[in-house]
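**Q** Here is what each chain is made of, one letter per residue.
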Amino acid sequence: MGLSVDIKKQLRGFALDASWSIGDELAVLFGFSGSGKSLTLQLIAGLMKPDSGMIQANGTTYFDSSRLIHLSPQQRSLGYVFQDLALFPHMSVSQNILFGAKGVGVDEKEKRYREMIEAFYLDSLQNKRPSEISGGQRQRVAFARALMRRPDVLLLDEPFSALDTPLRIEMRSFLKDLRGTFRGPVVLVTHDAGEAAALADSIIVYSEGMVIQSGKTEDVFGSPADDRVRRLLYGQEDALRAVRRT
Amino acid sequence: MESQVLFSARLSLQVAFTATILIVLGGIPLAYLLARKNFRGKELLDIALTLPLVLPPTVTGYYLIVAFGRNGFIGRYLYEWLDWSIMFTWYAAVLASFVVSLPLMIKTGRAALEGVDKNLINASYTLGHSEWETALKVTLPLATRGLLAGVVLSFARALGEFGATLMLAGNIPGKTDTMPLAIYSLAGSGDWEEATGMVILLTVMAAFFLYLANRYSRRIF
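If you're matching them up, the sequences are chains C and R in order. Be aware that the first sequence starts at 1, since it is given in this note's numbering, and climbs by one per residue. Be aware that the second sequence starts at 1, since it is given in this note's numbering, and climbs by one per residue.
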């Protein structure tokens with residue numbers, strides 16, 4: 001099924017013009033900060049409206065300017081993990097997770113909640129507030145909450161950027177495990193080449209609002225399309241070596 | 001004249017409470033509208049609602065008479081249909097307090113609502129919750145302290161309202177003489193002893209409400 005995106009968006013001093021398509025795989029949007037990666041996620045989620053183009057996920061059209069289709073964020077089947085995780089500070093861990101089960105029946109909601117608590121090792125944290133748990137634990141709560149509605153697509157906006165290196169590496173293996181249960185398309189935004197190399201099935205390289213290369217991870221790393229891509233990928237040699245050692 | 005103090009204190013509280021209830025019902029939705037919505041004339045609406053904060057209360061009172069007086073563009077119809085005018089009743093004191101105190105609710109409330117992290121609101125939307133649900137379960141709860149501070153400030157202001165009330169409700173002994181008006185009369189007639197009692201009472205109450213407002217405006221999370 002997958003996700004395909006072909007959108008244009010003009011902001012003050014910045015233009016996004018991105019077109020790419022992925023299958024049921026983990027794709028990394030890779031590039032420097034400010035290259036339009038996070039903006040792309042917000043447009044996919046319907047938090048902002050593209051000026052023109054089309055967004056389709058698992059056969060459903062989310063946006064199509066030529067047919068005047070623009071689904072609201074609530075109508076799109078997406079799990080979105082924000083960069084700062086966006087856990088509700090006034091709710092407990094369990095309330096946060098259950099808040100993600102909008103429109104799910106009572107029994108089913110309880111069943112899914114139990115599954116999440118187990119899968120994400122959150123049993124002892126259920127009554128804690130987000131401010132009372134660690135960064136890695138907050139991460140897991142954010143994933144559990146995003147998955148409660150069984151979304152078609154998972155959007156991850158640099159969810160590991162706030163963690164220190166050992167925890168980042170742990171979260172990477174967690175994300176690989178997650179691929180065992182969530183089989184739809186996953187879009188991960190990062191500006192960390194090591195993270196991209198470690199996790200991605202395919203890579204979409206952004207620069208200044210444009211896609212400058214996309215393809216299988218090994219192809220992109222193996223033959224960068226031009227100097228810009230090479231600098232982006234291999235300007236971070238140290239990060240790459242650190243990943244290869246793990 | 002113990003009963004004068006008691007009457008005025010009771011009337012002042014009654015007027016301030018009623019005005020505050022109206023301020024909560026009207027002011028919080030208005031603050032939400034100004035904080036979260038974009039529409040034409042938004043800043044104009046903000047200015048119109050905030051004007052009573054800076055205008056002399058006599059000017060606000062003048063506008064209210066133009067609107068609600070027996071010949072006013074609203075008051076005329078009230079008089080025609082109900083044979084009733086709000087002028088010189090305690091309802092007029094409520095109306096004056098409402099209009100003069102509303103800006104405090106709107107200013108404080110708007111700032112509190114604008115301070116709620118946009119990502120949390122977006123997260124709620126991506127989790128399938130409508131704007132209405134998000135407002136009730138995320139935005140308003142996270143702004144609770146600021147909203148409470150606005151409510152308390154409005155109440156304190158309503159309790160002390162003088163100028164617009166004088167123009168709209170008059171200063172009728174035993175009917176519309178709230179504490180600030182009673183103090184004016186007592187001082188005018190040289191009854192300093194009784195005035196002093198009410199002055200101290202009002203000062204203590206105002207200080208207490210300011211203390212409450214300060215407590216609420218500190219962030220909890």
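Don't read these hints as lab results, they were simulated from the structure. One or more of the hints may lead you astray.
[Said to hold, decoys possible] Quick list of in silico lysine to aspartate or glutamate cross-link-like pairs, EDC-like style, CA-CA up to 20 angstroms:
1. R:Lys37 <-> R:Glu193
2. C:Lys128 <-> C:Glu110
3. C:Lys109 <-> R:Glu133
4. C:Lys102 <-> R:Glu133
5. C:Lys8 <-> C:Asp51
6. R:Lys37 <-> R:Glu131
7. C:Lys102 <-> R:Glu131
8. R:Lys118 <-> C:Glu110
**Q** Next step is simple, just say for each hint if it's right about the structure.
**A** Here is how each hint holds up against the structure:
1. R:Lys37 <-> R:Glu193: Violated, because 52 angstroms separates the two Cα atoms, which is more than 20 angstroms.
2. C:Lys128 <-> C:Glu110: Holds, at about 19 angstroms.
3. C:Lys109 <-> R:Glu133: Satisfied, since the Cα-Cα distance of roughly 18 angstroms is no more than 20 angstroms.
4. C:Lys102 <-> R:Glu133: Holds, at about 11 angstroms.
5. C:Lys8 <-> C:Asp51: holds (6 angstroms)
6. R:Lys37 <-> R:Glu131: holds (11 angstroms)
7. C:Lys102 <-> R:Glu131: holds (13 angstroms)
8. R:Lys118 <-> C:Glu110: This hinted pair is violated, its Cα atoms lying about 29 angstroms apart.
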